[in-house]
Amino acid sequence: MNEFYPIDISIDYYHNVYLMIGEFEYLLITAAARLGEDAYGAAIRREIEDAIGKRCSIGALYTTLDRMESKGFVKTWMGEATSERGGRAKRMVRVTTKGMQEAAGFYRTITRISEGVSWELN
Amino acid sequence: MGTELRHALSLESVMTLWTNLAYRALEPAEREAVFGDLCEIGENGWLALRELLGLVIRRRVLNSSFVRSCLTTGTLTIFTTLLLALLAVRIADGSAIYLWMWINNSDSVILQTAGFWNPVLEVAPGLIFSYIALACCSWTCGLLLGWSSRRTRWLSAVLLPATVVWIAICGLPESLGHILIQWSPRDYFGNETVFQGISYRSVLPATIELFLVVLPTWWGIRRSSTLHRFKVSARFFLLLLCFGAFGFLVAMNLIWPRIQIVGIWPLRYSRLPEIAPTAILVPIAYCFLLVLHRLNLRTTDTG
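Taken in order, these protein sequences are the chains called A and B.
In terms of the working numbering, the first sequence is numbered consecutively and its last residue is 103.
In terms of the working numbering, the second sequence is numbered consecutively and its last residue is 510.
Okay, chain A solo, but in the shape it has when bound (with noise of 0.2 Å):
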């Protein structure tokens, strides 16, 4: 860093520093926010295709779950069994405060540098 570029170049801006988190994880934070305590894998799958309009597999959610949770955004754990699933337990998710704070960031970050740009086509 010096005074005529003020940004520390020995640091790999793309690889290296955390900027804020991916789409797919505001996606998934946003959908278990919205679903408060119904929060769970196939719950959270249903909410993201409908925003989406596409297929999410079970692979991205569940992987990219476990990431998020290493980081700390959100918690997950093993909740009651029901009879429409078979008898099987379903993996609860809840946003952590630290999740929260992201997806704000992130949403804010977008609103920002979205602030006068028009994507009509005409």
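These aren't lab readings, by the way, just hints derived from the structure by calculation.
The reader is advised that the hints may include incorrect statements.
Said to hold, decoys possible - Pairs of lysine to aspartate or glutamate, DMTMM-like flavour, derived with a Cα cap of 25 Å:
1) A:56 / B:508
2) A:52 / B:234
3) A:52 / B:239
4) A:79 / A:19
5) A:56 / A:18
6) A:56 / A:31
7) A:79 / A:50
8) A:35 / A:19
9) A:79 / A:4
10) A:56 / B:247
11) A:56 / B:234
12) A:56 / B:237
13) A:52 / B:237
14) A:35 / B:247
15) A:35 / B:237
16) A:56 / A:96
17) A:35 / B:250
Unchecked claim - From chain B, some residues computed to sit far from chain A (all C-beta separations above 10 Å):
18) 230
19) 272
20) 273
21) 318
22) 378
23) 492
24) 499
25) 504
As the list claims (entries may be wrong) - Partial pick of chain A residues on the chain B-facing surface, computed with a CB cut under 7 Å:
26) 22
27) 23
28) 40
29) 52
30) 58
31) 64
32) 66
33) 67
34) 69
35) 70
36) 90
All C-beta atoms in this analysis are idealised placements derived from N, C-alpha and C, irrespective of residue type, glycine included.
Starting from the known structure of chain A, fit chain B onto it as the hints suggest.
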């Protein structure tokens, strides 16, 4: 109709088999949650299998430590196999000339002369010793490969014969000549008659690679799972010997040209006799430690 039904049933059984395999690859808690989700969503058949495989692949393949360990094991295995195959081809070519003289050029009259047996008795022990040394070297490398990563032993076991087959089909890569001192194209000059037939040119090296490289290395990889039985000090001693033997093997092939003493004989033509003592030492030490371990167990049982 019957054929279609049988076809459908066989497809279903294949799918069930794969679903069960994917199911087993997941952690118990995750199995519960994932199968519950699939049941709730109502996905079954190929769609469910696709979802499951997607998760398993992400878990297993994209797990960075697993990928790292696969890459390390793969590189080590290929490199080690190249070194061992190089030695095997050298030994095969060296012994082919003697074998040709003894087997293809003898008859009942020559067999009765001392002039035939004297060179045989002089050379044969050296050849047998080099075979034993190569097998021991391979076993040591297998032990190290197996010990270096328990999770990826299967990869070593698969890559090892694959590399040997690749070398047998395509030959040793010429680029090895830049880094390996012992590498040079196979030279039949003066011995063309010996290597005219496929038996000494291809079959003998392949046989030596199979019996003195692939099988002993496999055995070494297998035995590496028994290392944990030894006491820490014994294991440390054995691994030290292994690293010594492996280091010597690598040094003989890689380091000498780098320190510019390639022209000094006999270092330039380092062959198995130099490698043999360290290679043989490891299996001997292993057997000794195994006997000690069993004696200890017996004493404890009797006590």
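Please flag the earlier hints that this structure goes against, numbers listed from lowest up.
-> When the structure is compared with the hints, numbers 1, 16, 29, 30, 31, 36 turn out to be violated.
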